[in-house]
Each structure stands twice: as C-alpha cells, then as structure tokens.
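First to last, the protein sequences are chains A and B. Numbering that gives the first Met the number 0 puts the first sequence at residues 0 to 361. Numbering that gives the first Met the number 0 puts the second sequence at residues 0 to 355.
Some clues are possibly wrong.
[Claimed, not checked] A short, non-exhaustive set of chain B residues, derived as facing chain A with CB atoms under 8 Å:
1. Leu195
2. Glu196
3. Thr218
[Said to hold, decoys possible] So these bits of chain B aren't anywhere near chain A, every CB distance computed over 12 Å:
4. Ile49
5. Glu141
6. Ile171
7. Pro172
8. His188
9. Pro192
10. Lys213
11. Thr254
12. Arg260
13. Arg285
14. Asn298
15. Leu314
[What the hints assert, rightly or not] Interface residues of chain A toward chain B, partial, derived using beta-carbon atoms under 10 Å:
16. Gly69
17. Glu72
18. Ala82
19. Thr84
20. Phe155
21. Thr185
22. Leu188
23. Lys251
24. Arg253
25. Gly254
26. Leu256
27. Glu263
Because the hints were derived from the structure by calculation, they are not lab data. From the three backbone atoms N, C-alpha and C, an ideal C-beta is built for every residue, glycine too.
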Amino acid sequence: MAKQPPAQFTNPETPGYVGFANLPNQVHRKSVKKGFEFTLMVVGESGLGKSTLINSLFLTDLYPERIIPGAAEKIERTVQIEASTVEIEERGVKLRLTVVDTPGYGDAINCRDCFKTIISYIDEQFERYLHDESGLNRRHIVDNRVHCCFYFISPFGHGLKPLDVEFMKAIHNKVNIVPVIAKADTLTLKERERLKKRILDEIEQHGIKIYHLPDAESDEDEDFKEQTKLLKVSIPFCVVGSNQLIEAKGKKVRGRLYPWGVVEVENPEHNDFLKLRTMLITHMQDLQEVTQDLHYENFRSERLKRGGRKIEDEEVNKDQILQEKEAELRRMQEMIARMQAQMQIQMQGGEGDSSAVHGHHV
Amino acid sequence: MTWIFGSTKGSADNKIEAAMSELVPEPRQKPAVPMKPVGINSNLLGYIGIDTIIEQMRKKTMKTGFDFNIMVVGQSGLGKSTLVNTLFKSQVSRKSSGWNREEKIPKTVEIKAIGHVIEEGGVKMKLTVIDTPGFGDQINNENCWEPIEKYINEQYEKFLKEEVNIARKKRIPDTRVHCCLYFISPTGHSLRPLDLEFMKHLSKVVNIIPVIAKADTMTLEEKTEFKQRVRKELEVNGIEFYPQKEFDEDLEDKTENDKIRQESMPFAVVGSDKEYQVNGKRILGRKTPWGVIEVENLNHCEFALLRDFVIRTHLQDLKEVTHNIHYETYRAKRLNDNGGLPPVTAETEENHESNL
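Sequences and hints are given; from them, build the entire structure.
Below, the structure is given as structure tokens:
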C-alpha cells in the first residue's frame with residue numbers, strides 16, 4: 000500500500016514514518032489546556048497537623064479565616080464535611096484541587112457515628128457521577144469523586160487506635176487510603192521506624208487495603224525505579240508541615256524553630272515531606288485511575304445489582320412494612336377485645352347459673 | 000482551798016493520795032474556742048530549744064518514711080510512664096512501648112497500682128504509681144472516668160474504715176491518691192471534650208495537676224498560646240486544678256501559688272530516660288537529627304518546674320490537701336448518708352469492733 004505523506008511535525012526524510020508517535024504530545028497539549036481535577040480528602044483527629052500539611056504541600060493558605068472551637072463547643076458538634084477548591088497553576092498546567100476536610104472527626108467522647116457522614120459523602124459523589132454518566136449530556140461531567148484520602152495517624156500513640164482501624168476498614172473499598180503521620184518532629188528517628196513498622200503490621204493484621212504504589216515499568220529509567228522503591232518502603236510517611244520561613248545555615252528554609260534546633264520541612268533527613276509530595280504529584284494520574292477502575296466500578300456494580308432501587312426506596316418499603324404491621328396489630332387488638340367481651344358475657348351468664356344453684360342450696 | 004503536801008511514808012501514802020485526789024480541783028472546762036495566745040514577746044532570757052522540734056520531726060519522718068501515691072491519667076502513648084520514671088529517676092513504671100508489645104489496648108479502663116520504695120538522703124519514700132491503661136483509647140469513651148473515680152473513693156473508704164476502728168493501727172496505711180497527673184495531648188488547638196469531662200468530674204475528688212505531654216512538638220509561641228487557651232478553658236468551665244485557690248492558707252501561699260497557676264501551669268513537659276553527652280555533661284534528653292532536647296533545661300521544657308513543684312515544694316501540701324479536704328469531704332458525705340453514724344458493714348461487725 001502506498002504510504003501516506005508524512006504529517007507536519009515529522010522529518011519528511013524518515014522512511015516508513017507514519018506519525019502517530021505524536022499522539023501523546025497531542026493528548027498532553029489537550030490535557031494541559033483542559034487542566035486537571037483532583038479531589039483530596041483529609042481525615043484525622045483535630046490537632047494532628049492536617050491543615051498545616053495541606054497548606055505546605057500546595058504552598059497556599061486554604062483556611063484563611065479559621066476559628067478553632069474550644070472543647071465545650073466540640074462536645075455538641077457532629078462531623079462536618081467542608082470542601083474547598085483552589086486553582087493552582089504551574090508552568091501553564093492548571094490543577095483544580097478540591098480539599099475535603101472533615102472537622103469533628105474523632106473529637107467526640109463517643110465516636111461511634113463518626114464516619115457515617117464521611118462514608119455517605121463518598122457514596123454521594125459516586126452516585127452523582129453514575130447519574131451523570133448515565134445521562135444524556137455527557138460533555139461536561141464534573142468529577143467530584145474522592146481520588147485520595149490522607150488518613151492522619153497520631154504520632155503520640157503506639158500505633159493504630161481502634162477508631163483508626165474501624166474507619167479504614169469501612170472505607171478501604173471506596174477510596175485510596177494513604178496513611179500519614181504528621182507532626183513527626185515529635186519522634187526520634189528510632190521511634191519513627193518503630194511506629195511505622197507497628198502500623199504496617201497492624202494494617203496487615205486487620206486486612207486493611209491501603210493504596211499501593213504501582214511498580215515502575217521495566218522500561219522506565221533507573222532513577223525513577225529507585226525513587227519508586229524508596230517511596231514504597233517509606234509508607235506511612237512521617238511528615239512535618241510548615242509555611243514559615245526560618246533562617247538556617249545561612250539560607251531561608253521552610254521549617255519550625257525550636258530552642259534546640261530547626262526542623263526543615265524539605266530536608267529528607269528530617270522528615271518524609273518531599274517523599275509525600277513526590278508520591279502525590281507523580282501518582283496523581285494513577286490515583287485517579289484506580290478510583291475510576293476499581294473503587295468506582297465496585298460501587299457501580301453494587302448499585303446496578305440492586306436494580307436501580309435507591310436507598311430511599313428501601314426506606315419507603317420499610318415504612319410500608321411498618322404500616323402493615325401496625326394495621327395487623329390493631330386488628331389483633333380488636334379481636335382480643337371482642338373475645339374478652341364474649342368471655343365476660345359468658346362468665347356473667349355462668350355466675351347467674353351458679354347463683355341460682357347457690358340459691359338452691361341455700 | 001488549801002493544798003496538803005505530805006511526805007508521810009508507808010500506808011499513810013495511799014490515804015494522802017486519796018485525800019489529795021479529792022482536793023485536786025476539777026479541771027477547768029476547756030473553752031469552745033481556743034483562746035488567742037497572749038502575745039508573748041519572744042524576749043526569752045535565754046535559748047530554750049523550742050526550735051529543735053523541727054529536727055525531732057525530721058528524725059521521726061526519716062525513721063518512719065512516708066507514703067506518696069501518684070496517679071497518671073491520659074491516652075496511651077502520651078508518655079506517662081516515661082515521665083514518672085524521669086520524675087523519680089528510677090524505673091518505677093513499666094513502659095508499654097517496649098520492643099515487643101504484646102498487650103493490646105484494654106477494652107475497659109484498668110487500674111494498676113505498683114509500689115516501690117525509694118530512698119534518698121536517709122529518707123524512705125513508699126511511692127505508689129497508679130496507672131490507668133485504656134483511658135480514652137476506645138471508640139466510645141463515655142463514662143470512662145468512672146472506674147477511676149470508683150478507685151479513688153475506694154481508697155477513701157478503706158482509710159475511713161481503719162479510722163473508725165476501736166483498735167486502730169498505729170499508722171494507718173495510706174493508699175489514698177495524693178496527686179493525679181492528667182496528660183493533655185499537645186494538639187495546639189484546645190482541650191478535648193474528654194479532658195473537660197474528666198476534670199469536671201474528678202477535680203472535686205482528687206488533686207489534679209494537668210500537664211501537657213510531649214511538649215517537644217510545639218514551638219515557644221505555640222506553647223504559650225496553647226497554655227493560655229487551656230487555662231482559659233479550664234476557668235470558663237469552673238475546673239479547679241491543684242493548687243486550688245480556696246485552699247491557699249495565707250498571703251505568702253497565695254502569691255506563690257498565683258504565680259504558678261497563672262503563668263506556669265499547665266506544665267509543658269518532655270520526659271526521657273536516656274542519657275546523652277552535651278557540652279561535656281551527661282544529661283537526660285531526646286536526640287533528633289536537628290538537635291538534642293534536654294529534659295532538665297528550662298529553655299527547652301518545663302519538666303524541672305513540674306519536678307520541683309510536685310516533689311521539692313508541694314509534696315507535703317498535696318498530702319495535706321488530700322487528707323484535710325478531699326478525704327474529709329468524702330467522710331462527711333458518708334456519715335451524712337449514714338445518718339451521722341460511722342459506716343458499718345457486716346464485715347466490720349465481725350472482724351473489728353467499731354465504736355458505734
């Protein structure tokens with residue numbers, strides 16, 4: 000077959016060149032124009048350094064007018080869901096980042112109902128996407144599904160708490176969990192290793208599925224493979240967050256100033272912040288894919304198996320059943336009343352007889 | 000009335016004594032209110048030696064030694080055991096963060112009391128550390144302070160029973176909790192609802208000293224801010240921690256305690272049982288890649304303040320407030336409930352004779 004004339008970009012002298020090798024460039028240009036969407040959920044007890052870390056990761060201030068409630072107010076509060084969206088642009092690439100915060104999680108004295116709100120939020124986003132996907136106009140589907148959940152583990156404990164285990168088990172089939180230990184400057188290096196190991200053991204023991212970095216492809220370069228290996232062994236990441244600039248060793252770095260020294264956020268010997276950032280950025284695409292291919296598909300097949308009956312339908316059914324039962328109860332009560340009346344009449348009649356008998360005797 | 004002073008011998012002695020006893024005036028009725036001592040000016044003409052009573056008391060205390068019972072309460076992992084070990088410079092508390100931690104978090108709050116005898120400068124102290132594993136670690140922590148309150152009241156009850164015995168022991172063993180260190184998690188935000196609830200319930204029953212654990216997680220500004228917030232929250236919720244304002248005895252106490260209450264407490268502490276070499280000295284501390292945190296350095300944390308407060312200045316006062324106030328409150332309540340009579344149980348009647 001005669002070869003097509005080569006397209007514009009390629010070298011016209013290269014024989015046998017079709018030109019579809021340029022496809023990735025075209026995809027790249029289109030994506031860059033379109034921009035990326037990413038939804039990150041952060042869950043953890045209050046005071047574990049979540050907001051500081053998010054601000055540090057994306058070099059922004061997502062919570063400018065923040066009022067921290069006191070303990071007395073926290074007693075009354077239930078878990079809230081607060082989503083803030085920020086558009087970040089770097090070298091022409093736009094990222095529309097949504098951070099879903101969950102204030103109130105783990106604060107109450109009784110945290111039994113802590114995660115209901117969070118789980119329904121995740122399901123709602125899946126539901127909405129499913130609805131949009133099945134709709135007529137699919138051109139502008141907004142993807143608000145939660146692509147990744149940073150779960151904050153307390154650095155002050157000895158490992159996972161009962162609440163951590165229960166929550167992760169409840170959502171590991173719905174979202175990619177990345178366990179994070181913030182405020183890591185409270186731990187010495189040895190303590191960190193111990194804590195990480197214990198957490199990994201407990202995760203395995205309880206069968207919790209956290210997000211696993213995909214192995215580097217064999218055709219990637221060595222550096223990337225090394226990096227991926229390093230990242231994999233560092234999970235869960237022990238990080239320190241800060242947006243304050245401190246003077247250390249003659250230069251200005253982001254860090255925390257203590258009387259005994261300066262903790263540098265971007266120093267890999269001090270904490271895993273850089274590793275966490277690398278992981279998030281290089282695997283953003285993969286996180287989205289896993290959400291789409293695994294978690295969303297799970298949700299979708301469950302939903303469609305239920306035959307499109309919504310949860311509200313089931314509740315309506317429950318109501319109907321309740322009403323029917325109540326009607327039955329009423330019927331039975333009427334029957335009993337009737338029987339009692341009959342018995343009374345019989346007894347009276349019987350008494351009449353016996354008194355007659357008595358009368359006789361007397 | 001004339002007094003007969005006799006020096007007769009023999010059997011007449013008894014008679015004289017008998018006679019004398021009739022003549023001895025009845026002791027004057029003690030006034031209901033002790034009289035104010037007449038202002039005796041200490042223009043004593045010579046040295047009497049009254050001040051040696053302090054030395055006598057000291058000798059006695061050294062011989063008998065004394066009891067001190069300290070309770071630690073807080074979520075697991077806040078460094079309670081390490082801190083107690085650091086305070087008393089010995090392994091009095093077994094840490095649960097050993098290399099092989101086989102025990103899981105207990106499902107209910109347990110009370111574990113371990114006693115040790117420590118000696119320093121000839122003075123023996125029988126120290127009992129009461130640990131409360133399981134506090135605040137569950138998903139549902141409702142009423143998790145109840146076992147703790149129950150334990151404290153049980154110790155008061157034990158003491159009360161001993162007190163109402165006719166044949167009392169010379170020295171009633173004191174298992175009452177003299178001091179309760181409550182560990183606040185260094186979130187940097189505020190107290191947690193559980194902290195408030197616990198302190199509300201127990202500040203009337205025992206001396207609570209709140210401490211901010213693992214304070215090496217906060218910078219100086221964060222520390223100051225957090226302490227202010229905690230103090231304010233405690234005040235707003237009517238929680239009186241030790242030293243309680245109402246028990247300040249005189250102006251001197253008040254000024255000293257005010258300073259502690261309004262500036263230093265709650266103490267932000269760091270504990271450690273490892274030693275490192277810093278500037279040629281061996282000190283207790285924590286070694287990190289960015290520096291060594293010295294536990295006894297006041298610029299780093301307030302451990303030294305806590306230690307001085309609990310051990311070097313207010314140890315005796317803690318015991319006294321427990322005995323004179325908390326225990327008395329418990330005792331009054333028990334007697335009231337029993338109609339003004341000391342409490343009686345079947346066991347009391349069988350084993351002891353109580354003065355009903």
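Hint check results:
1. A least Cβ separation of about 5 Å between leucine 195 (chain B) and chain A falls short of the 8 Å threshold, and the interface hint therefore holds.
2. Satisfaction of the interface hint for glutamate 196 (chain B) is found here, the shortest Cβ-Cβ separation to chain A being roughly 6 Å, below the 8 Å cut-off.
3. The beta carbon of threonine 218 (chain B) comes within 6 Å of a beta carbon in chain A, closer than 8 Å, and the hint placing it at the interface holds.
4. With a closest Cβ-Cβ approach of about 49 Å to chain A, isoleucine 49 (chain B) is found to remain outside the 12 Å limit, as its non-interface label requires.
5. The non-interface label for glutamate 141 (chain B) is inconsistent with chain A: the shortest C-beta to C-beta separation is roughly 5 Å, within 12 Å.
6. At the 12 Å boundary, the C-beta of isoleucine 171 (chain B) stays outside the reach of chain A, the nearest C-beta of that chain being 37 Å off.
7. Listed as outside the interface, proline 172 (chain B) is consistent with that label: its C-beta sits roughly 34 Å from the nearest C-beta of chain A, beyond the 12 Å cut-off.
8. Separation of histidine 188 (chain B) from chain A is inadequate, the least Cβ-Cβ distance of about 5 Å not exceeding the 12 Å criterion.
9. Against chain A, the non-interface label of proline 192 (chain B) is violated: not every CB pair exceeds 12 Å, the least being about 4 Å.
10. A Cβ of chain A approaches the Cβ of lysine 213 (chain B) within 12 Å, the least distance being about 5 Å, so the stated non-interface status is violated.
11. Every Cβ of chain A is farther than 12 Å from the Cβ of threonine 254 (chain B); the closest lies at roughly 29 Å, confirming the non-interface assignment.
12. Annotated as non-interface, arginine 260 (chain B) keeps its C-beta farther than 12 Å from every C-beta of chain A; the closest such distance is 19 Å.
13. With a cut of 12 Å on Cβ distances, arginine 285 (chain B) falls inside the contact zone with chain A, its closest approach being about 6 Å.
14. A beta-carbon of chain A is positioned within 12 Å of the beta-carbon of asparagine 298 (chain B); the least distance is around 5 Å.
15. The claim that leucine 314 (chain B) is not at the interface with chain A holds, since no C-beta of that chain comes within 12 Å of its own (minimum 28 Å).
16. Because the beta carbon of glycine 69 (chain A) sits about 5 Å from the nearest beta carbon in chain B, less than 10 Å, this interface hint is met.
17. With a cut of 10 Å, the hint placing glutamate 72 (chain A) at the interface with chain B holds, because the nearest CB-to-CB distance is about 9 Å.
18. Annotation: alanine 82 (chain A) was flagged as interfacial toward chain B, and the flag is violated, the nearest CB pair being 21 Å apart, outside 10 Å.
19. Checking threonine 84 (chain A) against chain B: minimum C-beta separation of about 25 Å lies over 10 Å; hint violated.
20. This hint holds: phenylalanine 155 (chain A) has a C-beta 5 Å from the nearest C-beta of chain B, less than the 10 Å allowed.
21. With a cut of 10 Å, the hint placing threonine 185 (chain A) at the interface with chain B holds, because the nearest CB-to-CB distance is about 4 Å.
22. For leucine 188 (chain A), the shortest C-beta to C-beta distance to chain B is roughly 7 Å, which falls under 10 Å, so the interface hint holds.
23. At about 16 Å, the closest approach between the beta carbon of lysine 251 (chain A) and any beta carbon in chain B exceeds 10 Å, and the interface hint on this residue is violated.
24. For arginine 253 (chain A), the interface hint is violated, the least distance from its beta-carbon to any beta-carbon of chain B being 14 Å, above 10 Å.
25. Taking 10 Å as the C-beta cut-off, the interface hint given for glycine 254 (chain A) holds, the closest approach to chain B being about 9 Å.
26. Because the beta carbon of leucine 256 (chain A) sits about 6 Å from the nearest beta carbon in chain B, less than 10 Å, this interface hint is met.
27. Hint on glutamate 263 (chain A) holds. Least Cβ distance to chain B is approximately 7 Å, under the 10 Å limit.
The structure shown violates the earlier hints numbered 5, 8, 9, 10, 13, 14, 18, 19, 23 and 24.
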